[in-house]
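Protein chains: 2
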Amino acid sequence: MRNIRLTISYDGTNYSGWQRQKGSLEKGTIQGTIEEALERLLQEKVKLIGSGRTDSGVHATAQVANFKTKSSLSLREIRRGLNGLLDKDIRIKNIKGVPEKFNSRYAVCSKTYQYIISHQDSPFLEHYTCFCPTQLDLPAMRKAAKALLGKHDFSSFQAAGSRIKDSVRSIKKLSIRKKKAILGNLILIEIEADGFLYKMARNIIGTLLEVGQGKKVPRDIKKILDKKNRKFAGPTAPAKGLYLKEVKYRRLGAIS
Amino acid sequence: MRNIRLTISYDGTNYSGWQRQKGSLEKGTIQGTIEEALERLLQEKVKLIGSGRTDSGVHATAQVANFKTKSSLSLREIRRGLNGLLDKDIRIKNIKGVPEKFNSRYAVCSKTYQYIISHQDSPFLEHYTCFCPTQLDLPAMRKAAKALLGKHDFSSFQAAGSRIKDSVRSIKKLSIRKKKAILGNLILIEIEADGFLYKMARNIIGTLLEVGQGKKVPRDIKKILDKKNRKFAGPTAPAKGLYLKEVKYRRLGAIS
Numbered sequence: 005m006r007n008i009r010l011t012i013s014y015d016g017t018n019y020s021g022w023q024r025q026k027g028s029l030e031k032g033t034i035q036g037t038i039e040e041a042l043e044r045l046l047q048e049k050v051k052l053i054g055s056g057r058t059d060s061g062v063h064a065t066a067q068v069a070n071f072k073t074k075s076s077l078s079l080r081e082i083r084r085g086l087n088g089l090l091d092k093d094i095r096i097k098n099i100k101g102v103p104e105k106f107n108s109r110y111a112v113c114s115k116t117y118q119y120i121i122s123h124q125d126s127p128f129l130e131h132y133t134c135f136c137p138t139q140l141d142l143p144a145m146r147k148a149a150k151a152l153l154g155k156h157d158f159s160s161f162q163a164a165g166s167r168i169k170d171s172v173r174s175i176k177k178l179s180i181r182k183k184k185a186i187l188g189n190l191i192l193i194e195i196e197a198d199g200f201l202y203k204m205a206r207n208i209i210g211t212l213l214e215v216g217q218g219k220k221v222p223r224d225i226k227k228i229l230d231k232k233n234r235k236f237a238g239p240t241a242p243a244k245g246l247y248l249k250e251v252k253y254r255r256l257g258a259i260s
Numbered sequence: 005m006r007n008i009r010l011t012i013s014y015d016g017t018n019y020s021g022w023q024r025q026k027g028s029l030e031k032g033t034i035q036g037t038i039e040e041a042l043e044r045l046l047q048e049k050v051k052l053i054g055s056g057r058t059d060s061g062v063h064a065t066a067q068v069a070n071f072k073t074k075s076s077l078s079l080r081e082i083r084r085g086l087n088g089l090l091d092k093d094i095r096i097k098n099i100k101g102v103p104e105k106f107n108s109r110y111a112v113c114s115k116t117y118q119y120i121i122s123h124q125d126s127p128f129l130e131h132y133t134c135f136c137p138t139q140l141d142l143p144a145m146r147k148a149a150k151a152l153l154g155k156h157d158f159s160s161f162q163a164a165g166s167r168i169k170d171s172v173r174s175i176k177k178l179s180i181r182k183k184k185a186i187l188g189n190l191i192l193i194e195i196e197a198d199g200f201l202y203k204m205a206r207n208i209i210g211t212l213l214e215v216g217q218g219k220k221v222p223r224d225i226k227k228i229l230d231k232k233n234r235k236f237a238g239p240t241a242p243a244k245g246l247y248l249k250e251v252k253y254r255r256l257g258a259i260s
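Residue numbers (the numbering used here), protein chains in the order written: chain A, 5 to 260; chain B, 5 to 260.
If you're looking for bench data, these hints aren't it; they were derived computationally from the structure.
Each hint should be verified, as a subset may be incorrect.
All copies of an identical chain are treated as equivalent in the list; a pair is satisfied when it fits inside any one copy or across any two copies.
[Claimed, not checked] Calculated pairs, DSBU-like style, for lysine-lysine (alpha carbon to alpha carbon, straight line, at most 35 Å): (1) Lys252 <-> Lys100; (2) Lys97 <-> Lys232; (3) Lys235 <-> Lys92; (4) Lys244 <-> Lys150; (5) Lys184 <-> Lys244; (6) Lys147 <-> Lys184; (7) Lys203 <-> Lys97; (8) Lys147 <-> Lys26; (9) Lys183 <-> Lys249; (10) Lys249 <-> Lys182; (11) Lys97 <-> Lys244; (12) Lys244 <-> Lys182; (13) Lys92 <-> Lys231; (14) Lys177 <-> Lys92; (15) Lys97 <-> Lys227; (16) Lys219 <-> Lys92; (17) Lys97 <-> Lys219; (18) Lys232 <-> Lys184; (19) Lys176 <-> Lys100; (20) Lys184 <-> Lys150; (21) Lys51 <-> Lys155; (22) Lys92 <-> Lys49.
From a predicted model like this one, the values you see are computed outputs, not experimental measurements.
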């Protein structure tokens, strides 16, 4: 069996998130859509393992996934075949053969998400950014971000009702910057961590937005972390502004 | 009667162009959609006059249109009411009262279109740029652009079968530049003229793209203009990369 790793970008607007789900959905899932295309192409049953799920409406510029196959098609043929079968809102950017033990989900070392905020109510940004009509206090947001850096119990930032035992994660980077774009000025938030609890990225962004709007102050962050209770953090930021930007892996030697 | 001028941005992806059309269309038109919203809001029959049509799939960041009304709603109320009734892919950016004689179509002094080319096959750029897999020779394209500047008979660049008598137009600006964007590098072509023949902007872009790909050379431009025959120019560039960016008007004194 060959083990093949894909780097995938997708516009999440028209999908019910990454993960294949049981029952009938209004929209398809990214995983299910790519699995179906792979099965048509390779004429065998395929199980695609993603680095993790992304929610409905969340985008990716570099999601990583792998699958095993007996097919003798070349990597180039598989990539071209897939891109031919898939709608243009999912693109296979890269393909490579990896050792049999590589697993896109379990070998993750860190993930980076990007969040885009716009101050313009533009038709072109509607599905791709979170619209914020008021100006944001970026220095205050950066102070708050600093308090989130490093290793913490992020219970307050995970979706209510989650039952994960170990909610300690380590945020390696959390930057906030302005970017001049063709269609108006944007604010980009980038967050890298060794792992994310369910909705953690969007709950952190929602809390930072409240700091930017003066509804919270930077020193609230430590208190929120200490409470270990979802109700003290800010609201979940909209999915449409979020992009899975990079997945880093441990060296393969470390997996085996 | 009040005369009201709107500045409108729209994502043309899901519309059959600007102009209201007879018969049943698969998709609506921008003009028809805004007229319907205005009629619901103002409770009277409304005729919306645009600066000109845009084709199916073409976008606008600042289309201009005007309409007359007996309504006593304030400008702010009309703008907010319209944006509330319209889908997010059409936005009223600006509204103002104008003298009764102002006509969005006949008072045009110049129009500017922007065309966006991407070298990345990205799901996020699919409906908003023209994808070009090969690198383009920008210096050659700029030389060709220079030959198009100024007053010429643009018969060779108008859609075949057009029966306009006066096909002389004046191109005031034609710039080609690279732009680093969040999702990859883009090439922006900006073209300003006192008027555009049917499909002239896209036929000029299509010809410049052929120059950029080495299929034509800059000195071919003069020959193409001289032929006054559509078949000598390049193909029509895809609609989805084109944006109506600005409409300039003659001073109102000059209209009356």
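Hint by hint, here is what the structure shows:
1. Lys252 <-> Lys100: within (15 Å within a copy, 52 Å between copies)
2. Lys97 <-> Lys232: Classified as neither: same-chain Cα gap 39 Å, cross-chain 43 Å, threshold 35 Å.
3. Lys235 <-> Lys92: between (39 Å within a copy, 31 Å between copies)
4. Lys244 <-> Lys150: within (25 Å within a copy, 42 Å between copies)
5. Lys184 <-> Lys244: Answer is both; intra-copy 20 Å and inter-copy 22 Å each pass.
6. Lys147 <-> Lys184: both (23 Å within a copy, 29 Å between copies)
7. Lys203 <-> Lys97: Close inside one copy (26 Å) and across copies (34 Å); limit 35 Å.
8. Lys147 <-> Lys26: neither (43 Å within a copy, 58 Å between copies)
9. Lys183 <-> Lys249: Both: 17 Å inside a chain and 21 Å across chains, each within 35 Å.
10. Lys249 <-> Lys182: Answer is both; intra-copy 18 Å and inter-copy 24 Å each pass.
11. Lys97 <-> Lys244: The answer is both: 21 Å in one copy and 22 Å across copies each meet 35 Å.
12. Lys244 <-> Lys182: both (19 Å within a copy, 28 Å between copies)
13. Lys92 <-> Lys231: Close neither inside one copy (44 Å) nor across copies (39 Å); limit 35 Å.
14. Lys177 <-> Lys92: both (32 Å within a copy, 34 Å between copies)
15. Lys97 <-> Lys227: Neither, since 42 Å and 41 Å both go past 35 Å.
16. Lys219 <-> Lys92: Between. Shortest inter-copy distance 28 Å satisfies the 35 Å Cα cut-off; intra-copy 40 Å does not.
17. Lys97 <-> Lys219: Close across copies (28 Å), not inside one copy (41 Å); limit 35 Å.
18. Lys232 <-> Lys184: neither (37 Å within a copy, 42 Å between copies)
19. Lys176 <-> Lys100: This pair counts as within: shortest intra-copy Cα distance 27 Å, inter-copy 50 Å.
20. Lys184 <-> Lys150: both (24 Å within a copy, 29 Å between copies)
21. Lys51 <-> Lys155: Within one copy only: 34 Å inside a chain, 62 Å across chains, cut-off 35 Å.
22. Lys92 <-> Lys49: within (23 Å within a copy, 41 Å between copies)
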